[in-house]
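Colleague: Sequence:
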Amino acid sequence: MAALSMGEDRVEADASRCIGCQSCAVACPFGAITVEIVAAHPPLIIKCDLCASREEGPACVAVCPTAALSIMTPERLAALLKRRQETAASAPGM
1 MAALSMGEDR VEADASRCIG CQSCAVACPF GAITVEIVAA HPPLIIKCDL CASREEGPAC
61 VAVCPTAALS IMTPERLAAL LKRRQETAAS APGM
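Here the sequence shown stands for residues 1 to 94, where the numbers follow the UniProt record's numbering.
Hints may be right or wrong, so weigh each one.
Stated by the list, open to error - Listed next, the in silico EDC-like pairs over lysine to aspartate or glutamate satisfying Cα-Cα at most 20 Å (straight line):
no. : residue 1 : residue 2
1   : K47       : E36
2   : K47       : E12
3   : K47       : D14
Unchecked claim - Per label pair, the in silico range of CB-to-CB distance:
no. : residue 1 : residue 2 : range
4   : D49       : Q22       : 12 to 20 Å
5   : M72       : Q22       : 43 to 51 Å
6   : C64       : C28       : 40 to 48 Å
7   : A88       : V38       : 48 to 56 Å
8   : E86       : S53       : 34 to 42 Å
9   : I71       : A39       : 33 to 41 Å
In short, the hints are calculated from the structure, not lab data.
Every residue gets a Cβ at the ideal spot worked out from N, C-alpha and C, and that includes glycine.
Working from the sequences, and respecting the hints, build out all of it.
Modeller: This is the structure we're talking about:
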């Protein structure tokens, strides 16, 4: 089992398994994970949790002045993928 794993709707950190290698931080394409290392303390994984403690949802979505950010639910993702597949299937030459 890894220090980071998928929860129901999010990636969860298990601090007891973290060795401070920072592989997760390097792999994250959004730079949303950091690993804080303080002498004499276990590594601390700091990552985006979609503001799970905020009733209103992620703060970044709320403050984006152009509404460029939104929450992608499994239903919205499925609909988006279906539209893209239909568009690709109806493209000339297919």
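Colleague: Given the hint that K47 pairs with D14, test it: the Cα-Cα distance must not exceed 20 Å.
Modeller: OK: K47 and D14 at ~12 Å, within 20 Å.
Colleague: Quick one: are E86 and S53 within 34 to 42 Å, going by C-beta?
Modeller: 38 Å, holds
Colleague: For the range 33 to 41 Å, tell me whether the beta carbons of I71 and A39 fit it or not.
Modeller: 38 Å, holds
Colleague: Given the hinted pair K47 and E36, is their alpha-carbon gap at most 20 Å?
Modeller: Holds: K47 and E36 sit about 11 Å apart, inside 20 Å.
Colleague: Between A88 and V38, is the Cβ distance one that fits in 48 to 56 Å?
Modeller: 49 Å, holds
Colleague: How does the Cβ-Cβ distance of M72 and Q22 compare with 43 to 51 Å: does it lie in that range?
Modeller: 27 Å, violated
Colleague: Mind checking the alpha carbons of K47 and E12 for me, to see if they're no more than 20 Å apart?
Modeller: 9 Å, holds
Colleague: Do D49 and Q22 keep their Cβ atoms within the hinted range of 12 to 20 Å?
Modeller: The hint (12 to 20 Å, Cβ to Cβ) holds, given that D49 and Q22 are roughly 18 Å apart.
Colleague: Just to be sure I understand the hint, the distance between the Cβ atoms of C64 and C28 should be within 40 to 48 Å; is that true here?
Modeller: 20 Å, violated
Of the numbered hints given earlier, the model fails hints 5, 6; all others are met.
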